[in-house]
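Enquirer: Letter by letter, the chains look like this.
There are 2 protein chains.
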Amino acid sequence: MTTPGSAQPLPSRSGSVGDVGERGLIEHIRRRLPPAPASVVIGIGDDAAVATSDRGALQVLTTDALVEGIHFERRFSTPADIGYKALAVNVSDIAAMGAAPRYALLSLILPASLPFADVDGLLDGLIDVAKANNVTLVGGNITRSPGPLVVDVTVIGAVRPRRILTRSGGKPGDHLYVTGTIGAAAAGLGWLREPAGQGADLPEDSGLARCVLRHRRPEPRARIGALLGRSRAATACMDLSDGLADAVQQIAEASGVGARISAAALPIHEAARRWFSRDGGDPVAAAIAGGDDYELLFAISSRARGRLRHVIQQARGVEITKIGELTVEPTMRIERDGGGIEPLPAGFVHF
Amino acid sequence: MTTPGSAQPLPSRSGSVGDVGERGLIEHIRRRLPPAPASVVIGIGDDAAVATSDRGALQVLTTDALVEGIHFERRFSTPADIGYKALAVNVSDIAAMGAAPRYALLSLILPASLPFADVDGLLDGLIDVAKANNVTLVGGNITRSPGPLVVDVTVIGAVRPRRILTRSGGKPGDHLYVTGTIGAAAAGLGWLREPAGQGADLPEDSGLARCVLRHRRPEPRARIGALLGRSRAATACMDLSDGLADAVQQIAEASGVGARISAAALPIHEAARRWFSRDGGDPVAAAIAGGDDYELLFAISSRARGRLRHVIQQARGVEITKIGELTVEPTMRIERDGGGIEPLPAGFVHF
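In order, the protein sequences belong to chains A and B. So that you can map any letter, position 350 of the first sequence is 332 in the numbering used here, and since no number is skipped, the others follow by simple counting. So that you can map any letter, position 344 of the second sequence is 326 in the numbering used here, and since no number is skipped, the others follow by simple counting.
Pulled out of the complex, with its shape left as it was, chain A reads as follows (with noise of 0.2 Å):
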């Protein structure tokens, strides 16, 4: 990011972000972020940023990006949710290796037409997300886009070399857990995108307005990704970006192993249970296959269950639920309600 000239007039509220311009959108995002704290030795305004490292400590690193008409629609979320979920996505998964986030960098990519408020609620989403995260904005990118609105986050984290949770370090016989419920994020998108969705109105405390709510906001479990790392409790981890069956699969392929889970196990969010089962569908596939949900999938060795006793005492009220295990046997499959054992379906993959 450059620093705009001192002369530089203050952008008006109203109008393009075209008229405002990548100088003073960038000195308008400067003056929005709370101070950085001392670990920043160069912020906001040079060629890069510059911060200091954890002590003792490995670099994390990751990026992820929302593309409009993609991963987001502006008629279904609104700026603040936009900006939220570019910063959540990226710290679900530091979260997803037991590390801590530390710093994010932001790529916005906009059309010339994108109000300039809608700047100011992207950064006041993406900032929700950085305090409750402890993350500093450091720096990053602006252009404009001949096409769709794209923002684009990375964020540098830290973890302790032994702390380092993979998808790889699964064994026959570990436990797979699941945090949160699933499948609310899919049920929620599906509902935005009925005829009826888009325009009604949800009571706020419904089962499916909390379900739209997690697609467009959807919580990354910082604290239980860094207590599954402190804890050493998780011989695997990753988060349910592209939904559990993706997840399971992902985490069983990079292990070497097979996975079986349990139907009757899952914590399907219960509006969407009622509603993937509206027309006679079935819930446990929409679920397991829904994306965005960004909970963790981990895997537990019989030796650890007294260390995830502890991370489920600290987690907060977040539930935590075992969903079935890893096998010697290296196929994936799930053993539906009435004993039945068929294949796991394939995941949501978002190309």
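In short, the hints are calculated from the structure, not lab data. Glycine included, every Cβ here is placed at the ideal spot set by N, Cα and C. Don't take each hint at face value.
[To be verified] Example chain A residues on the side facing chain B (calculated, C-beta under 10 Å, incomplete):
1) Ala30
2) Thr45
3) Val49
4) Gly51
5) Ile52
6) Asn72
7) Leu87
8) Phe98
9) Pro143
10) Ala297
11) Gly299
12) Val300
13) Glu301
14) Lys304
[Unchecked claim] A few chain A residues that face chain B, going by a derived Cβ cut-off under 7 Å, partial list only:
15) Ser(-2)
16) Val22
17) Gly122
Mind docking chain B on chain A? Use the hints.
Expert: Coordinates of chain B only, in the frame set by chain A:
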């Protein structure tokens, strides 16, 4: 990035990226990359990458996106040119801080119709720059674009605390220097945009062909940036992504001083000078306004001139030219050949 299933078929060399899908593309990229050094603890294929920090060094963080239709056009640049430039411009930002680049994250936003072979092209160019600058691609993200091709790169570098070069350390009386030549990238792009330019073949050793090459493949001044940091020769430094006039203004404003440069001293690329003059145009105005040269502008105090000589000796044939100085009076001026002094025109702004 996620690990593809082991049963994933090898992507075919024909077809589009939409046929290959995210997993196939990631696996293909992973196989194309050289083996990672021991500093990479977890590379491509987990929720995030994990890598060591340089002991006693600070992290340097930058991100920059190339957007089709804004920063490049596919009829003017090959996929390899685009991949090259996407990493090169980030390495340039790291160099401008006096730092060394270490790791890169690649965020690809791809139209589904993009030929799969073009991803190989992008990688060819990116890997060239990575090898030349000791950068390891450790992760990233691939998603579909409903519009333009976007290549967004993050580079993480390292710098020792006393070697950081900012924009804000300049003092009145410091001399301003620039590496290499200016105006070449703007002249090359100008030629490509002419009706005759796109299709025509230039002799490879012609001056204008070298200008086109500068637009397509700017050479980041990584070595000189690191030398300037290590020797503590410079009081301020930045790269010429948005042109010389802009960079002079940025350094002067960030340092709270003014600047005066001499038109006669400017190292304008010879073929660019001829190009800008062809219809009676002003080559100085065009050369200092033209962006994309990715040379370095830096300030040297009178005490540090001996250290600068040392840097020049190690610059391996890259010219370093004195073009002016920082002044107490907070104005930006240019001394014309005839001796007249004019305000420095504003630089190039991407948005």
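Enquirer: Any hints from earlier that this structure breaks? Give me their numbers in increasing order, please.
Expert: The structure breaks hints 8, 10, 11, 12, 13, 14, 15, 16; every other hint is satisfied.
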